[in-house]
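Undergrad: Each chain, written out:
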Amino acid sequence: MKQLELERFIAIIAAPKQVQKLSASDWEMLLWVLDTARLEAWLNAQLEPIGLKDSLPATVQTRLDSAMIYAERQQKQVRYECEIISSLLSEKRITPLFLKGAAYVISAEFNSAGRICSDIDALVKQDELDVAERQLKMNMWLSQDVDDYDDKYYREYAHEIPPMMQAERGTVLDLHHNLFLPVSGRAPKIEQFWATTTTNDNGLSTLKPAAALVHSMIHLLMNEEVTYGLRDCLDMQSIIDTHNSDSFWLEVSTLVVDNDFTYEYQLLLLLLDSLFGRETVKQQILAQQITADTKTRFWLWCYRKAVMPDHPHLCNRYAGVARAAVYCRGHSQKMPLATLLKHSTVKLYKAARKALVGEADKE
Amino acid sequence: MSINYLNLGLLQSNCLTLPTAAAQSAQLIYGDAPRQDISSFCVAVKPASLLRRFIKPIVEFESNFRIPFKPLPASQSYALLEWGLNWCLATGHFNHLLLHAAVLVKEGQAVLFPAMPGSGKSTLTAWLGLNGWSVYSDEMAVIDLHTGTVQPMYRPICLKNLSIDLIQKWSPDAILTPVCHDTAKGSVAHLKAHNWQEFSTFSPARIVGVVFPKYDASATEPQLYSVDKLQTFENFYTNAFNYHVLGQASFDILARVVNQIQGFEVHYASLDFMSDFLTDELLS
Amino acid sequence: MFAASVEMRPLADNSGIVLFDSCLNQTHLLRFTSDANHASTFSPPFTSDEFSVFFGAESGTLDVLVSRKLVIPFEH
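Chains as they are written, first to last, in my numbering: chain A, 234 to 596; chain B, 15 to 298; chain C, 831 to 906.
The following block holds chain A by itself, in its conformation from the complex (with noise of 0.2 Å):
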C-alpha cells in the first residue's frame, strides 16, 4: 500500500504551504489520515487565508469545504451546549469553567478555526459535583450506561463523573472535578486553575492561555490514549504563538513548578520543537537550558511516534512500540502501582469474560 513518509507528512503539518509541491495520490493519503486525525477543516484554515486554497485541485477543495462546513457546524453547537450547561448549573449557583476544545470555540482568547469538538469537558468545584449532575439530569443529561466497577473508577480514582449524555441532541458533557485523577497523586492544586478563570464575553468561563496550555500538557503527557495527540499539540502550539509574552511564560512556569510537572513541561517544548520548530518554543528551550537526558529522548521519541494519526496510509515504523510505551506511562501517572494492578485485573478479566460469554448482564 502506497504511504505517506512521517518526516514528510510531519513537514507538511509544520509549514502546510508546502502542500503545493503534492501529487494526487499524496493529496488522497494526506486527506484521509487528516480526516482520521480530525485535522481536515484545520489543514483548510491553514491554507484558507494564505489564498493557497484557490490554486488546489478542484476535489480538494471540495474536501476541504465539506470539512469545514461540518466543523463549523459542530462549533455552532458547541457554543449552544455550553450556554445550555451554563444556564441550567447557573440556576444552582453553579459556574462551570469550559476545558480545552469546547474552550477553544467558546473563547476569543483561542484560535478555533477548523477545530472539531465532540465531546464538552467542564469542570466544577468538588462540593458542586452532585449538585451539578442532579440538576443536569433532572433537564434530560443522561449517566452514560457504565457498570458498579467503572462508575467506582470515575468517582472515587478519577477526576470526573461518568459521561452525561444529552437525551435529545445526543452531546456528550465530561464533568471534571480536578485535572488529573486524584489517585495518582499528582492531581494538581485545581485552586491555582480556578484562579485564573476568566469569563468571556458571552458570559462563559474558560482558563487563563497559561492555564489551558498547561491543561492541556496534562492531558497529553499524563493519559494512556494520545489518540488525538497531534491536534492537541497544534492546540499547544497555537496557544503559544498567540500568547507568547514574559508574562505569559511566567505564568505557565509558576502552574508548572507549584504542581511539581517541570518534567513533563521540558518534554512538551522540545516534543512541539521536534514537530513544529517554531521560534517562539525554540527561545524557551534557550532560555531555560532545557537539554534531553537518555530517559528523556527516549520519550520524546516515543511520544513524537504516537501522537501521529494511526492510518494504514502514514508509514509510522515502530509506532506500536511507542504508543504501547506511552500506554504503560500513562496508567503508572494515574494511579499508585498496588491499585493499578488491582484495577488492571479487574479490567483484564471484564474484558476476559466479555470475550467468553458476551456482555454481562445489568446487575
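It is worth saying that the hints were derived from the structure and are not from the lab. The structure displayed is predicted, hence computed values, not measured ones. The beta-carbon is built from N, C-alpha and C at its ideal position, and this holds for glycine as well.
Quick list of the computed label-pair ranges, beta carbon to beta carbon:
(1) A:Phe-531 <-> B:His-195: 52 to 62 Å
(2) A:Gln-377 <-> B:Pro-192: 38 to 48 Å
(3) B:Ala-198 <-> A:Asp-352: 26 to 36 Å
(4) A:Gly-403 <-> B:Phe-79: 18 to 28 Å
(5) A:Ser-323 <-> B:Phe-83: 35 to 45 Å
(6) C:Asn-844 <-> A:Asp-543: 48 to 58 Å
(7) B:Phe-83 <-> A:Tyr-582: 24 to 34 Å
(8) B:Pro-131 <-> A:Asp-352: 29 to 39 Å
(9) B:Asn-175 <-> A:Gly-403: 31 to 41 Å
(10) B:Phe-83 <-> A:Asn-435: 32 to 42 Å
(11) B:Asp-187 <-> A:Asp-543: 46 to 56 Å
(12) A:Glu-401 <-> B:Pro-131: 17 to 27 Å
Residues from chain C shown here face chain B by an in silico Cβ test under 7 Å; the list is partial:
(13) Arg-839
(14) Asp-843
(15) Thr-857
On the provided structure of chain A, position chains B and C as indicated by the hints.
TA: Using the frame of chain A, we list chains B and C on its own:
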C-alpha cells in the same frame, strides 16, 4: 479481476478490496467510467474475521479504514458496497444538500420522487430510465446550494423483489447485477441505468416538480392529488441526509426550490400513464 | 437571543410558513388555517406564550403574524 476506483461522477471513491462476486458487479456498473485524478473516499468490503472467511462467511464495509456498520452475509457484498457508498456521501459530503429521493430528468428539467415505502419508486425509476428519461439518481438527489439545480450521479438503480423480475421481462438486455437474497429489503439487484457515454451528456437540471407516487394495482383510473408546499417542504427536510449539518444554507435553498415547483401525489397502476402525466403536467 | 436568529419564508401557495432558528439549528413549520380556534404545527406545537418566548415578544413577530391573520396561535 479487481476494480480500484468507483467514479460516481460527482466524486470518486478508491476501492481497496472487494470479494470476487462484488468486484464483478462493481466492474459491470462502474467499469466503463474513466478515472478521476483524486478520490474523495476510500472504501472496501472484506471478510469480518479469519474464521468467518470460511464458516458462514460475513463481510464488513470499511470507509477510510473504519467500520461503520455491522457485518452482513458475504452473499450481500455488492449491496453492502452500495449502501456503504450512500453512507459515505450522507456523512461526508456537505457541499450539496442530499435528499432521499430519485431524480428523473427530461429536456433539462428534473422531477423528484421522494423515497416512500410501498411507492413502487424503484420500478418506476427503472422504467422511466428505460423509456427516455435520464436517471440522475435512484435514491439521493444532489442539490446545488446556490442554484437549486440537481446534479447527476453515476450510480445504479437498486431494484427490489418483484421489480427485478419486471425489469428483466421488460428489458431482457438490461444490465443487472446478480440478485442478493435475504437482505433487510428482501431480494436486491442493481440496474445500470446508463453507460458512461450517456452520463457524460448530463448537466445540472432545474427542478420543476415533486411527485409522491403510490402504486395501486387495483386503481382502475389514476388518481391525482395536489400536494401543498408545506407538505412538500416537510417531506424533503425530514428525509434529507445532511440537512441539519448544512443548517441555514439547506433551509434557504429548500424553501426556494419548494416555492418554485409543483407537487403531486399520484396513485397509479399504469406506468405509461405516469410517463404521460409527467411530460404533460410538469415539463414546460 | 432566539428572535434575532429566526428566518421566515412564506410559501408561495399560502399553505404556511417555514422558519429556521439558526441559533438552535431548528426548523419549524406553521400551517395557515381558516379555523379560528387553532393552528396546527408540524414540529413542535406552540402555545402563544411559548411562541412569544421562543421567537421573542419584542421582535413583534407574533403580533405581525397574528394581525395579518396569517397565524392563529395554538391554545392548549
